[in-house]
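Asker: Sequence lines, in order, name chains A and B.
Take the first sequence: its letter number 217 is residue 217 in the working numbering, and every next letter is one higher.
Take the second sequence: its letter number 180 is residue 1180 in the working numbering, and every next letter is one higher.
Check each hint, because a few of them may be wrong.
[Claimed, not checked] Below, in silico cross-link-like pairs of lysine-lysine (DSS-like), each with a Cα-Cα straight-line distance of 30 angstroms or less: (1) 1153/B <-> 1057/B; (2) 260/A <-> 1206/B; (3) 1057/B <-> 254/A.
Please keep in mind that the hints were generated in silico from the structure rather than gathered at the bench.
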Amino acid sequence: MSITEQRPIISKLEQQELRRLLAENKRIDGRNPLQYRNISVQLGYVEKAEGSALVELGNTKVLAAVKVGIAVPFADTPNEGILIVNAELVPLASPVFEPGPPSEESISLSRYVDRSIRESKSIDLSSLCIVPGRSVYSLYVDLYILDYDGNLIDASVIASVNALGVTSMPKYVVEGQTVKKTDEYFKLELKDRPVSLTYAFLDDKYVVDPCLSEEYASDFTLSMTVKSDDRFCAIQKNGGGMVSPRRVMELLDKSVELGKELRTVAYSRLTGGNG
Amino acid sequence: MGEKIVLFSEDGKRSDGRSLDELRPIRIKVGVLSNAQGSAYIEQGKNKILAAVYGPKEALPKHISLPDRCILRCRYHMAPFSTVERKSPAPSRREIELSMVLRNALEPLVMTSLFPRTVIDIFIEVLQADGGTRCAGLTAAVLALADAGIPLKGLAAACAVGKVDGKIVVDLNDLEDKYGEADMPVAYNPTLDGITLLQMDGIMSKEEVEQALSLAITATQKMHKMQVDALRERFSVQRRET
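Bound conformation, chain B alone:
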């Protein structure tokens, strides 16, 4: 390796000037697409991600439908220009796994038994990636579901936590994700006290995982408030129009 990667400055700040438990600047907007039943856009650091929801609609071909509830179809996809090196638009193994992990994280939030034999399509499109895209994508997708008027058991927000240069930090950026020791994405629903997405790679002791997990809970609670504000903004505008 040529030059040394600096993950912490001398005053203990992170590479982008944040403290250990500080989130990147987040901007959320709900209802940004005209054709989708629900949509949301999120910027978290340099991440730019769109999420759209179509449905519930008739599940075709019929054999994919379930008699007692709706099914979810989810696609997480990164645009070819979202990364430094061009990414092939064909779905990678990573994107296939994340599509599944995100579907699993969204499914417990949706009141699926209200719409038997139907399907809800969820599309997450990463326009610019800066670490933590699955989490930001999930935070947006949940809002897109709410925007579509689909009854949910609650909202969930997601945030990656991890270990960088021996320290437990919140909301890893691209650099910290690449050169840090561990990365743990967590999606959490504060009203039901439920984790719907949990992954980890890298090395952490039991105590470090526990510490990271509690940081994730605090961070997602903050993000939950931002989600509520974004929904409020969306629907208060609509009320004025009518």
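Only chain A is shown next, with the shape it has when bound in the complex:
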């Protein structure tokens, strides 16, 4: 059962200040409403993983790591590799993260990141088949939220795409009935570079890339993932509240525009490929 979340209390003073500033198109950390925080990307942070990236979006810190293995394909997709995204809201990152089974927030986060990667066809899963119906590559993308200062979705998409972009795949050979790992590696091909853009709504105003206090004070958030060709591959409203259709259409425009800029910054360390 999904229960109304108990948000940490944020003082009336801070809430008023956020709204007062926003009325003048300003934000508590000095940004303008449509400005992202600084992004830093460290590729190959975890050597034991076949691909990894540590992404800092302001004070939000997400480590994404890709583990590659082989598995039996799903019955309905015998010729396709397996992609699984999992998010851990590590308790050391925030007092609101608790140990235990995955919360609905973490499930919703990983499912959104999964959709952003899968639907954008960033990974050609049909190229990850070794023996049809028997043996395919499995890609586990594990997201580790290490510090939480708002906007986990955008940071997680950036971290996942960066990690997949530097993933080296062990080569397997078929020997009779068995599939054997070799010492050779090849680079996983990244077909697209999607970015997610998250907006937090406070009354009739909105800001992109909300920091934690903006997220707590907001009525709801809206996330949109844009592919390199400016088409959309995922949208999700999170939290209560209502948004007018006109506002959604306005944000579609903004996302295409802001997405270009964000993509250049977020994936500047990845070489080659498109986008």
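Given the coordinates of chain A, work out where chain B should sit on it, guided by the hints.
Answerer: Showing chain B alone in chain A's frame:
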């Protein structure tokens, strides 16, 4: 893939004979369960979904309650026999996400500050699934809330829109959901001009999303009328009885 899936016939009709902006046949009945404070049943195409509301009632354990308003608990669940392959009755990751998305879609409709420290339970049970269950479930859940006499800011109806074989269509069925290019569930309240649920997966250009969104608005407005009719039917019957 063996045989090719036919999503449009040669005369441009959809797999079930509908035109692009046509809804499936919808049947709604309000007040179908005896124990729940409010309930509703919806059939949309081959979807068969029950929704029930219990509460407002004391929120227990106490620490879950809020001092200034009531909280909502929502469960979206699919029966094991609702799909072609048996679905495990344990909640899947999908059902956990949808329970949250539906709670978020219902919460802005309820006048929660009227019932501080209480809880309203909303159960959505999918008996037969045929694509667009979260939307049909929401349409029924809103009516169950109204049937329970809980003050609402307005009704909301939900409908999936999407892209199938290059065309923007309304109210995707199971086949179109599986083999189409994009699926976008939308819940809309026409009186407050507010979208309370919005998701999308698949690929659509900005223009296509816009077109789909306006189709969704028109479709949910039609469904809103059906909701009003269903409520009227429910309460006019009651008046005759007393």
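Asker: Please list, smallest to largest, the hint numbers that this structure does not respect.
Answerer: The structure conflicts with hint 3 only, although it agrees with all the remaining ones.
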